[in-house]
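Colleague: Sequence:
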Amino acid sequence: MSVESERQLASTAPVASLRHPLPPEVTESDVRQQLERIRASQPFRSSRRCVVFLDFVVQAALSGRLESLKERTIGIEVFGRDPNYDTNQDPVVRGTASEVRKRLAQYYQIAGHERELRVELPSGSYLPDFHTVVHTAEVVEAQVRAPNYPQKLTPLLIAAVIAAVLASVVTFLVSTRASRHPQTAVDQLWAPILQSSGPVLLCVGQPKVYNLLGSLEAEMAKRMPGLGHVLSPAESNEKLTVRVGQFAPNWDRYLALGDAVCLSDIAALLAQRSHIYHIRGGGSTSFADLRENPSVLIGAFTNDWTLRLTGQLRFTFDLDPDQNTHYVHDRLNPSNRAWQLTGIWPEWRMPVDYAIVSRVRDGTTGKMVVTAAGITQYGTAAAGEFLSNPEYLSELVRRAPPDWQHKNIQVVLATKVIDGTAGPPRVLAAHFW
130 MSVESERQLA STAPVASLRH PLPPEVTESD VRQQLERIRA SQPFRSSRRC VVFLDFVVQA
190 ALSGRLESLK ERTIGIEVFG RDPNYDTNQD PVVRGTASEV RKRLAQYYQI AGHERELRVE
250 LPSGSYLPDF HTVVHTAEVV EAQVRAPNYP QKLTPLLIAA VIAAVLASVV TFLVSTRASR
310 HPQTAVDQLW APILQSSGPV LLCVGQPKVY NLLGSLEAEM AKRMPGLGHV LSPAESNEKL
370 TVRVGQFAPN WDRYLALGDA VCLSDIAALL AQRSHIYHIR GGGSTSFADL RENPSVLIGA
430 FTNDWTLRLT GQLRFTFDLD PDQNTHYVHD RLNPSNRAWQ LTGIWPEWRM PVDYAIVSRV
490 RDGTTGKMVV TAAGITQYGT AAAGEFLSNP EYLSELVRRA PPDWQHKNIQ VVLATKVIDG
550 TAGPPRVLAA HFW
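Counting in our numbering, the sequence shown runs from 130 upward without gaps.
Don't take every hint at face value.
Keeping only pairs whose Cα atoms sit at most 20 Å apart, straight-line, the calculated EDC-like set for lysine to aspartate or glutamate is [claimed, not checked]:
(1) 199 to 249
(2) 351 to 367
(3) 368 to 381
Hints in this document: simulated from the structure, not taken from any laboratory.
My request is simple: use the sequences and hints to build the entire structure.
Modeller: Listed below in structure tokens is the structure:
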């Protein structure tokens, strides 16, 4: 289906009686012009799916078709899904919305776009938000530039005036932002991290990968021709003589795709809230780095820091090499092995994965630490989605005590794995203290 056909199909959606409330300084023409700039930008022109999705939600908002901005309706009208399709089994709308949020954040980080009209897609909603950016320096300059009064202003009085203006500007900006974006469960969960003035360290795990050298690479390609190839028992038992020198360790060059998706989700969340972050691999992250600022640890068995800093918490990761089993260990119920995976290779054949999300003030580093980690990459991807989407966090809030925002938190998640893609995260257990 062409983009034009999808637009025509979208126009048949039911029309709501309400129209999107644009700020007084923004016109529909402004929004449409900005949409064209975004469509033509590098982050978007490489993704037709994101362009079609953004087109639909913006046009629906401007034309007042707010009833069409629901997950099922978007799935039917934009992606051609059957009217009775299962949104839990096929999260195409949620996945695309998450990708659009990341690409919008990337667009506004490009030099030259900072002062442009903002088009944002708040987490947990498909109704876009349009607003201009108020730059503090411009407001201060405009307010300080006063008429020539006959009396002479002393340096002390000038300083007092500037301080008062700055205070009013900051109050205005904070109140405007708060009124435009009411606090969600995501904001409450991340508040202890975002209160820090320093950058957040995103520490992502890196698997211990070995490159095959010389004839070994060709030999293995012949014996294992593809990802979907399942070895027969006879093939599995074939012997192959290799030398240690035929393996080259590359422990600092690669990321699992699910870990990269999680990293992207959290980076986009921080960028949307204008918070600086740094990205480092687990192998290049030092204890001194973790003591300096709050951190987010991504990945479990690929990230030694995750295993070290969460090793004394209630929910931890463990493995049984004799049984070839990886599992989530519950210290309060150590006999429970319900959250385990046996023979996790090849990953793409797994029906489910498990993850642990933690937000704690770590006693070792003295800083707030968030972990987003699955037994495999699929659980890690689901953990990132859980941490950045208020729709999924709402399930946690229903289980939480009234003052959960100020407590340490651990959550065990499950996600179905379908054709090598993680499904929506589901809460299995939660612990607050």
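Colleague: Would you mind marking each hint as holding or not holding in the structure?
Modeller: Checked hints:
1. 199 to 249: holds, 17 Å
2. 351 to 367: Status holds; Cα separation ~13 Å.
3. 368 to 381: Not OK: residue 368 and residue 381 at ~30 Å, beyond 20 Å, violated.
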